[in-house]
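Novice: Chain by chain, the residues run as shown.
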Amino acid sequence: MAMNTGAELPGTGTGPGGTDGTADDERLACGRLLSKVWESRDDGSDDPHLRSCPHCAAAVRQLDLLGAAVREASRGEREPDRDAGALTARVMDVVRLELRPGRPLPLGEREEDLWVREAMAAKALRAAAETVPGVRTGSCRIRPGESGGVPTRGPVQVRLEVVVPLVPGLRELAEEIRRRVRGAADEALGLPVEYVDVHVTDVADTAGADETYPVEEAEAHETYALEEGEGRS
Amino acid sequence: MTAAATGRDPLAATVARVTAEVPGVAFLRPGLAELIRGSARTGAPATAGRTPAGVRVTRGSGAGPWEVDVQIVVHRDHRALTVARAVRDAVTAALAERAPGAQVTVTVTNAV
Amino acid sequence: MPGDDELLAVRAAEGDEDAFEALVRRHAPGLLRLAGRMLGSQSEAEDAVQDAFVSAWRRLPEFSGRSAFTTWMHRIVVNRCLNMLRSRRPVTDLDSVPEPVAPDHVASPARAAESHAAAAELGRALSALSPEQRVCWVLRELEGLSYETIAETVGISSEAARGRVFRARRCLTEAMTAWR
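Chains as they are written, first to last, in full-length UniProt numbering: chain A, 1 to 233; chain B, 1 to 112; chain C, 1 to 180.
Some clues are possibly wrong.
[Unchecked claim] Quick list of in silico lysine to any residue cross-link-like pairs, SDA-like style, CA-CA up to 20 Å:
#, chain 1, residue 1, chain 2, residue 2
1, A, 36, C, 157
2, A, 36, A, 26
3, A, 36, A, 47
4, A, 36, A, 50
5, A, 36, C, 158
6, A, 36, C, 124
7, A, 36, C, 145
8, A, 36, C, 146
9, A, 36, C, 141
10, A, 36, C, 59
11, A, 36, C, 174
12, A, 36, C, 147
If you're looking for bench data, these hints aren't it; they were derived computationally from the structure.
The structure presented is a predicted model; accordingly, all values stated were derived computationally and were not measured.
Could you build all of it, start to finish, from the sequences and the hints given here?
Specialist: As structure tokens, this is what we get:
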């Protein structure tokens, strides 16, 4: 048998190029290369030769037998769904040992010494934005205010990316998102906010169920980005 | 051991105790030990008998004011600022006699 | 929902562990199946996928989103499996011999019986492949990926992927012909 076990060196990204190609290909008695015959079979190309040539037919039959055995084997596979729950729990146990809470952001008044971590605050603000029907959120970055380039305990700056449903009045929708984010920053957190930028990165067609229609990023930003701050970098 | 070091653990224990009683506090930010015991998933980690990871009590100099750093996980339906203030006030009050003028910093690290 | 993965991945990269949990829940079944096919052992597959997810959590901040989250995740799992296969002693893993199940896809009863026993033979032949061949073959034949996607997942050229799948097929068909 032409087994190549161990013929390839581990760790080589491209593999031993020459031997990985068609070096051990086989030319059938009819002159066709085995690799080509199998490829035609794969592609489902209708080559008259394949149907009439006994050598090719034998080669194809070998591949079909293999395919049948493969389908057979997949049928006997155990359904992994039932293991997934336990696995998720084990993964999350490790993840909770290695959380990335992000930087502290100031809660309350300037003179207070109370803080909230960025990751937690971002979760609350994303959740608030998603109370607007059809809106889904991605990145939410919250920067501390600055004074002369130095972070201060002043109000923070929020930049939120959203995917919105395709509805008339995107501007109003973005305004509504911003209002709810500001509301949550105050009511759920107590985090003073300087401004909330809402960036529409995608528009999802609600009529088309799960289909999403990406809007040209630049255009989306130009058209729909709703920014509160003026005269800042 | 210095006097400051002797006083640290009882102070931390007091901070942990009063913090846990503040409404809206789910638990102190758990440290590795608590997490490995698996209690973080189900609720409040057991803190008896040891200083929890969420409390740090330090003193810049022997005579200076104590600095108390508390890191908490809050319940999702509570306002983070309100809980943080309540923790600060409770800790400040509890330390008023043994550590007057203690500077209390409260950080909300997560919500559950 | 396409696109949803990428939103969740961005959030997870920013420290949202709930978003990451949603990704794990969503992708664990498929990745467990993939790893099981590559390793031929369910318990090893669980180890591989768990390690891969933990590694993904650590590396997410550098995940650019240039490739889809699934492709990225596949790549981590495949690498993990490759390492495990390479460190293995060359023995036949009996786990990889599948239980025959009644087929409904083969034309004649004769072929049915034939492919029945062939499925068992397949398991043995598979464990004789080199890790690289086995991985490429599984991605092509069982996961139905294109050669381009296999190339991206394994980190080789698509010609190399094609070559590995071909050689795996040859080994497998020869093993099965010899058996008959």
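Novice: It remains to establish, for every hint, whether it holds in the given structure.
Specialist: Here is what the structure says about each hint:
no. : hint            : in the structure
1   : A:36 with C:157 : holds (19 Å)
2   : A:36 with A:26  : holds (10 Å)
3   : A:36 with A:47  : holds (11 Å)
4   : A:36 with A:50  : holds (11 Å)
5   : A:36 with C:158 : holds (16 Å)
6   : A:36 with C:124 : violated (27 Å)
7   : A:36 with C:145 : holds (19 Å)
8   : A:36 with C:146 : holds (17 Å)
9   : A:36 with C:141 : holds (17 Å)
10  : A:36 with C:59  : violated (40 Å)
11  : A:36 with C:174 : holds (17 Å)
12  : A:36 with C:147 : holds (15 Å)
Against the hints set out earlier in the document, violations occur for numbers 6 and 10.
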